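**Student:** The UniProt record's numbering puts the last residue of the sequence shown at 157; the count rises by one with no breaks.
Just so you know, these hints were derived from the structure itself, not from any lab.
Take these hints with a grain of salt, some might be off.
As the list claims (entries may be wrong) - Below, computed lysine-lysine pairings styled on PhoX-like, alpha-carbon distance capped at 20 Å:
#, residue 1, residue 2
1, 59, 120
2, 53, 141
3, 53, 12
4, 122, 59
5, 120, 15
6, 140, 120
7, 122, 53
8, 36, 122
9, 8, 36
10, 122, 140
11, 8, 59
12, 122, 141
13, 36, 120
What the hints assert, rightly or not - Ranges of calculated distance between the beta carbons of each label pair, as one might list FRET restraints:
#, residue 1, residue 2, range
14, 9, 129, 33 to 39 Å
15, 11, 129, 26 to 32 Å
16, 20, 61, 23 to 29 Å
17, 121, 5, 20 to 26 Å
18, 52, 7, 31 to 37 Å
Model, not experiment: these values are computed from the prediction.
A virtual CB, placed ideally from N, CA and C, is assigned to each residue, including glycine.
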Amino acid sequence: MAFDLVRKRLTKELKVLTENPTPGIRVVDDFTDMRKIRIDIEGASGTLYEGEKFQLLFKFSDQYPFDSPQVTFIGSNIPLHPHIYSNGHICLSILTDDWSPALSINAVCLSILSMLSSCKDKSCPPDNDWYVRTASSDPKKTLLPNVNRKISNDCTM
């Protein structure tokens, strides 16, 4: 029952994405499992990621849109970026503390594309090795050592 409301919201968002696609953002799934949706994104022209294709996996809880989706890069082509860990986790405040129910799948994709577009140097986050070794599979549950806050709080994006 609870997921019926989520399904209604997601159906509306996905209709917008498929009928009026944003350049560089394409829905991949057939929507048989609305809890998990894959989105292809393409690096914008004139950026370090121009022409590169990446895939995002959105996972939705029964609390969406009041709870942010879990969003990670998946597949073999994870962007080399100071705010993207090699396990696909994304350090972006709107995915945790700065989430708002007014945000959408499209808004998250645009924020990620903007983050990629503004990158000046393709490099891993400085704590990438430690993070990948110790991170939960859910990036929203990963904590800093000896600190009771999420790793994403430490990011500048």
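**Student:** Against each hint, give a clear statement of whether it holds in the structure.
**Tutor:** Hints, verified against the model:
no. : hint                  : verdict
1   : 59 to 120             : 29 Å, violated
2   : 53 to 141             : 27 Å, violated
3   : 53 to 12              : 25 Å, violated
4   : 122 to 59             : 27 Å, violated
5   : 120 to 15             : 34 Å, violated
6   : 140 to 120            : 26 Å, violated
7   : 122 to 53             : 15 Å, holds
8   : 36 to 122             : 28 Å, violated
9   : 8 to 36               : 14 Å, holds
10  : 122 to 140            : 24 Å, violated
11  : 8 to 59               : 15 Å, holds
12  : 122 to 141            : 26 Å, violated
13  : 36 to 120             : 31 Å, violated
14  : 9 to 129: 33 to 39 Å  : 38 Å, holds
15  : 11 to 129: 26 to 32 Å : 40 Å, violated
16  : 20 to 61: 23 to 29 Å  : 26 Å, holds
17  : 121 to 5: 20 to 26 Å  : 42 Å, violated
18  : 52 to 7: 31 to 37 Å   : 32 Å, holds
The structure shown violates the earlier hints numbered 1, 2, 3, 4, 5, 6, 8, 10, 12, 13, 15 and 17.
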